[in-house]
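A.B. asks: Listed here are the chains, written in short residue letters.
There are 2 protein chains.
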Amino acid sequence: MPVNLNPPSKGDLLTVRGVLLGTAEAAIKKPDRKDLLIMHLAPQSAVAGIFTRNRFCAAPVVVAREHLASGKGVRALVVNTGNANAGTGDAGLAAARATCSEVANLLDCGADQVLPFSTGVIMEPLPLARVIAGLPHCVGSLREDNWLDAAHAIMTTDIVAKGASRQITLAGKTVTITGIAKGSGMIHPNMATMLGYIATDAAVAQPLLQQMVRHAGDASFNCITVDGDTSTNDALVLIATGAGDAPAITDAGSEAFAKLQAAVSEVAIQLAQAIVRDGEGATKFITVRVEGGSSSAECRQIAYAVARSPLVKTAFFASDPNLGRILAAIGYAGVEDLDVQRLKLYLDDVLVAEHGGRAASYREEAGQRIMGQSDITIRVVLDRGAAVSTVWTCDFSYDYVKINASYRS
Amino acid sequence: MPVNLNPPSKGDLLTVRGVLLGTAEAAIKKPDRKDLLIMHLAPQSAVAGIFTRNRFCAAPVVVAREHLASGKGVRALVVNTGNANAGTGDAGLAAARATCSEVANLLDCGADQVLPFSTGVIMEPLPLARVIAGLPHCVGSLREDNWLDAAHAIMTTDIVAKGASRQITLAGKTVTITGIAKGSGMIHPNMATMLGYIATDAAVAQPLLQQMVRHAGDASFNCITVDGDTSTNDALVLIATGAGDAPAITDAGSEAFAKLQAAVSEVAIQLAQAIVRDGEGATKFITVRVEGGSSSAECRQIAYAVARSPLVKTAFFASDPNLGRILAAIGYAGVEDLDVQRLKLYLDDVLVAEHGGRAASYREEAGQRIMGQSDITIRVVLDRGAAVSTVWTCDFSYDYVKINASYRS
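Protein chains in written order, with my numbering: chain Z, 47 to 455; chain C, 47 to 455.
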């Protein structure tokens, strides 16, 4: 069950002027579930994205990057679940292009103005005919207040739909930001098996939007790990329709830019944390914060070693304060000149280890008390600088194995 | 249950002249099990070792390295299970030194001629009094034919004892090599939670022995992974007593050196593979062989990405040929210029993927047939050079989580 995560209600996800969303049940993998989404964007919308760095990136990632780079102006996004269209060679590329063409026909735009996305099983042919057959229903159901349906339509092993909204005021005008995401396993940055779509009715020049999405991704989806696997299909897309009333943002140094960037990042962080809270088999949400490092890179390296360790994660599942496993993970993180005598390890506010061993003040009961919680912070203080890095992860349970041993069935 | 792994019988483990072994039940963690071992070596024995690279290396590792470096000549090794004496600060160092002193008293040698080793739970104080109390029984039971007892005395979560022997002929004389090892989880190279002790009655100069143990470690224990965690305590020790009849080996270019090195590596590989076959919760033994690389480093990088992927490992547990997960792991291994169009993926002799996607000839039934086996080879052909790397791993099951969620209880 998701850890302290309530699914959004329809009213929680605010409409964004200039974005229409329509879904369909196309039976791509299984019948009777929403598995196809079209997002239709107002003309002049700016779109920016960051994508998986997996070398086996999926066909839709190749095509989406290509269409974004064409500079033609994106008018639609199309997302299917149930099949990743990855590891599918030339046929997969052709299927992704055919999907775009069909969307373009239906919406009267260029095929290169459509960005395709897929998520699901890898190395199986995309059932193109079923995708194509489902598209008219998506178009027929396009509405501004369809964000919750859209969040449902992109789910795979997710237990709950993920969405978040914020509103800010720029030059006296209300600006809305709404995002949805999917993902619950194969989650590790750059990117994870996650798709995220965030839209705002602000007007933002494309290069600034690219900067904003990179910043939001680094602060959110690139700080989470569920199982250390990095997917073939991940993408985070940021849309600025410019259909609202606020004046256009054209200066990355402006207050308006900073304010919007902060709000977009907040939405991204909420979505990213929701993915971890809904991590496959998760029973605990764990924040790993490494501070006092000589660089944020070394903090991150240590944070990920702890957050990825199956031994640490199974100990948290068992609520067993077998915290030496955290020291072992810190030790093998690869920071060669780390002085383990200087570091301190805390579980929430409890000092667990210092001077290379268990703290004199530490009592097993105190560790046990924290381990019983569903939200826990592991804090490592390196005492060698001022850098900080935070990573969010979950524990590792029987159900992770169960879910992933039976994913295709 | 261990995968196609039979425990050695007493007769399988040949005695090595110059090595006496004695064990005790010292109740270090639990009563009524052998948990303490002394290996007593003939004078003039040469000893070489490689140790964990974990920055939180255990107190006994620090002391063993120090005593080896003293050049005094090692006369004894002492190994306890049930407690790793890691993350124990200065008190841990003192406990390791006290153990050596007591062994030295009992065997009439210098404390710096004793190497200490520990394995078990991290960050709990070593119960020194119980260790000390058990040592006389170890000494009292020292025998040449005690290798199987010794293999039992070093086990932690191992289901079966691990040992192997070889004999070769050098200059007409029989040379014996016998090794034992422990380990079944927290297994990842440099090193794993593993302890390995290999002894031969050949005479080998110490610098050559160091070269030989490094070679054997790289060919064996540094090629396995169970869960990607690297321990605080790992060590592989190679002992050459010189108590046999073969002439001393003093030239690393000699045929005798090559022959002994090959036999030592064979023993090490058999022990390392036994650790994977007895991997926590393992139901399958998987060989990941990456060939045709431009460097062995990149082959190794890809092999480990596949071998460590929880998604790949759970698919093998389920006997589900969800082989796109292997492509995804290859893709995120970090080989930036990898051309996925050129690589081929095989499961045993079945071509699964080529040209960036599923092979035209591939049939699910063929994949399913291989996945049903208990020994499986994943072969990745990169087609960009002549380098090769092989890694051995196991699948990821409910029982891995179960074992590690309850390790301390």
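Read the hints as simulated data drawn from the structure, not as lab findings. Just so you know, even glycine gets a beta-carbon here, dropped at the ideal spot from N, CA and C. Incorrect hints may have been included.
So the derived label-pair ranges between C-beta atoms look like this [claimed, not checked]:
1. Z:Gly186 <-> C:Glu411: 39 to 45 angstroms
2. C:Asp383 <-> Z:Met47: 54 to 60 angstroms
3. C:Arg409 <-> Z:Val108: 23 to 29 angstroms
4. C:Arg388 <-> Z:Gly299: 41 to 47 angstroms
5. C:Arg260 <-> Z:Pro77: 54 to 60 angstroms
A.B. asks: Against this structure, judge whether each hint is valid.
C.D. replies: A quick look at each hint next to the structure:
In this structure the supplied range 39 to 45 angstroms holds for Gly186 (chain Z) paired with Glu411 (chain C), their Cβ-Cβ distance being about 41 angstroms. Range check, Asp383 (chain C) to Met47 (chain Z): about 43 angstroms between beta-carbon atoms, so the 54 to 60 angstroms window is missed. The given range of 23 to 29 angstroms is respected by Arg409 (chain C) and Val108 (chain Z), whose C-beta atoms sit roughly 27 angstroms from each other. Evaluation of the 41 to 47 angstroms hint for Arg388 (chain C) and Gly299 (chain Z) yields a pass: the beta carbon distance comes to about 46 angstroms.
Separated by about 59 angstroms at the C-beta atoms, Arg260 (chain C) and Pro77 (chain Z) satisfy the suggested range of 54 to 60 angstroms.
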